[in-house]
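Chemist: Fit chain B with the ligands to the known structure of chain A by using the hints.
Protein chains in written order, with numbering that gives the first Met the number 0: chain A, 0 to 254; chain B, 0 to 260.
Simulated from the structure, these hints should not be mistaken for laboratory data.
Quick list of in silico lysine-lysine cross-link-like pairs, BS3-like style, CA-CA up to 25 angstroms:
no.	chain 1	residue 1	chain 2	residue 2
1	B	Lys80	B	Lys189
2	A	Lys156	A	Lys51
3	A	Lys156	A	Lys202
4	A	Lys156	A	Lys107
5	A	Lys156	A	Lys105
6	B	Lys40	A	Lys107
7	A	Lys78	A	Lys105
8	B	Lys40	A	Lys105
9	A	Lys105	A	Lys133
10	A	Lys51	A	Lys78
11	A	Lys105	A	Lys132
12	A	Lys132	B	Lys48
13	B	Lys48	A	Lys133
14	A	Lys78	A	Lys156
15	A	Lys107	A	Lys78
16	B	Lys189	B	Lys78
17	B	Lys40	A	Lys132
18	B	Lys40	A	Lys133
Footprint (simulated), chain B over chain A, 3 or more residues, beta carbon under 8 angstroms:
no.	stretch
19	42-49
20	68-78
21	98-109
For glycine and all other residues, C-beta sits at the position ideal for the given N, C-alpha and C.
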Amino acid sequence: MIRIQSLSKSFLGSPVLRGVDFEIHDGETVVIIGQSGGGKSVLLKHLCGLLKPDDGHVWVDDDDIVPLSERRLAPIRSKFGFLFQGAALFDSLTLFDNVAFPLREKRKFTEAEIAQRVAEALEIVGLAAAGHKKPAELSGGMRKRAGLARAVVGMPKYLLYDEPTTGLDPIRADTINNLILRLRNRFQVTGVAVTHDMASAYKIADRIAMLHEGQIHAVGTPSEIQATTDPIVQQFIRGVADISQEVHSGNTANY
Amino acid sequence: MMTLLTRLWQTVFDLLSQFGGVLLLFLDIVRTMFTRRPRWKETIEQVYKIGWQSQAVVVITGAFTGMVFAVQTGLQFHKVKMDTAVGPVVAIAMLRELAPVLTGLMVAGRVGASIAAELGTMKVTEQIDALRSMGTSPTDYLAAPRFSALLVGLPMLTAEAMACSIFAGFYVAVNMLNIDPAYYWHNMLKFTAAKDVAAGLIKSVFFAAFIALIACHKGFNADEGAEGVGRATTQAVVVSSLTILIANFFIAVVFNSIVPI
Ligand SMILES: Nc1ncnc2c1ncn2[C@@H]1O[C@H](COP(=O)(O)OP(=O)(O)OP(=O)(O)O)[C@@H](O)[C@H]1O
Ligand SMILES: [Mg+2]
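The following block holds chain B by itself, in its conformation from the complex:
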């Protein structure tokens, strides 16, 4: 009984201290951004690594999700003769939910892991200490560029996924389900609005912040040795993915109460 309670307390305490660590890192990044000269070179490098090089993954994810969504909804809607409803359904689902969430998850896997592994390795080989010993803040040199790069990169990747999924869905609907292209397009535009795109992009900004903060925090706090780096990497991916999924629900609820659909 005692051990159960202490274990529970330990878990709660760990969660809280992790959350506190992430929050402190966030405040430090914000402070750095306002007080230090921006590090353009490092930031652009990260935009390239994080944004540009993630495109293939994101395009494929977006396109195939859009396609399978069009096929499945198309087959169902065909039974009730509502074929042209496929357009708006695919578009709304992709814009508001699937594009930001799936892009976030893919990037959490690809970029979150590499950030945590890179910073974790730097931690255990004393490179972080070396930075500090030269009076350079690791937040300034390492975390802030990655944070900014994700904040810029993830919404752009999400937009790319949105576009790919809609065009891929359109292609499948027209060519495999024989839905009239003009109707499909017309109906889709009729039931979607700029606010759907905005909702998706705003979500992706939050997801970007979660991925960057969690991955940097896990990397900076990696335990000694290869095992510690491995653990930090896994945790960065798992925790940021779960955070994205959970936060997505709450952000959606808040959005819907501010701007009703």
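So that you can see chain A by itself, here it is in the shape it has in the complex:
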């Protein structure tokens, strides 16, 4: 269980999170949607203590992680897998070593076990043949998938996905959706995914939460969210720009 309590964070005086309250139950997958630049990645980074809030609490199981030092956070972070928006693969390591990294750091596995698990993880994301390559030799989508392999390889209790399907072709994206579903169904992984891809959101989410103006504006199951009459949510999920913007672009088209 992850419980977020009146979480606030500003950067250089401009508030990004303004009192987020939310609870993520064990075994569910929550999708967070919201405007670009709205603080979704920032919120995700608070969940495993990569960022410290100005105010508020984050409870992971029974620990309030906000006051913990980096050293005390390490055992809590080992419960997490994190897919970064930009994949954040280590450029100096091959894909294989990248994916093996979290396993090697745990020092619980033999090299043979590691090799087997890494091969499996790369296979699932469709990169079985690319293990010897360095991140710089990969396309953006391939890097994203490798980042996903690295996040899931240790079978963590919590998985945080920052835009898991962005930049992938529709078929790959659906493979990733299936992977996320399987992790939940078969291994009871608790997932928090940030995405702009509404098809993916409807498919993988148990609940969808919308972050708007630094707060959780609406929460519900995919069908509740689709059926809501809330104008802000409706506008977001149907992907229409502001009327004023449409008029504006119509004007420029006349030139």
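Modeler: Here is chain B with the ligands on its own, set in the frame of chain A:
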């Protein structure tokens, strides 16, 4: 007036917080070294990158400094018929001051820049966050190996520079200035002692620590974007070079008061 004061305060505050950051990093590295398993693979890799690959630069710097020093002092001393004094002068200057300082500066430029650029890039591409998210401390995985590698590598490079400069000075003195090789060598050994070598090597240990700490600190705290990494790199080189030059003076003063020449 007000803005001047606030600017001054800002500068002092920045300096202090930078110094504090470097000090905290140092304490964290020391703590890591005592509490974590050493990362041999990463450390050896860094010794290779930092030490082994810097040799060409250091050998050339040492040799040519020794040579030009021999030529210039030789021409002056020749006027007063003290040609054989060239040996001890070159040796003392190189061992105590020039070899450690010049090697430190060259390595600050070459290695300090590459450390800051590498770690800075890792910071802005979230690779540092990725490490932390896996429960691995960036100090343990990145800073400590570089710190240890410099602490081992820089004294060795300095020793190499010392040797090269002395032999190059000797070669120039004998072949271009026609100084008697036996006298040169004899006089040089007579006026130099192990403590001169030790002074130079101990200095280089301090310089190594400055370069590693400043470069890692600047890299870890790089601002977003390519510009931020560029700035971190430049600052790492400038600040560690200045620190070496300034610290050199104070270390020399302290040494001379402990072990008089
Ligand atoms: N380290 C930081 N320093 C300063 N500002 C930051 C930092 N990280 C995020 N921000 C700011 O916080 C705001 C929210 O950023 P965030 O990356 O969370 O957006 P997002 O919702 O993930 O957007 P996107 O969907 O485009 O990824 C942005 O305005 C960004 O400029
Ligand atoms: Mg984001």
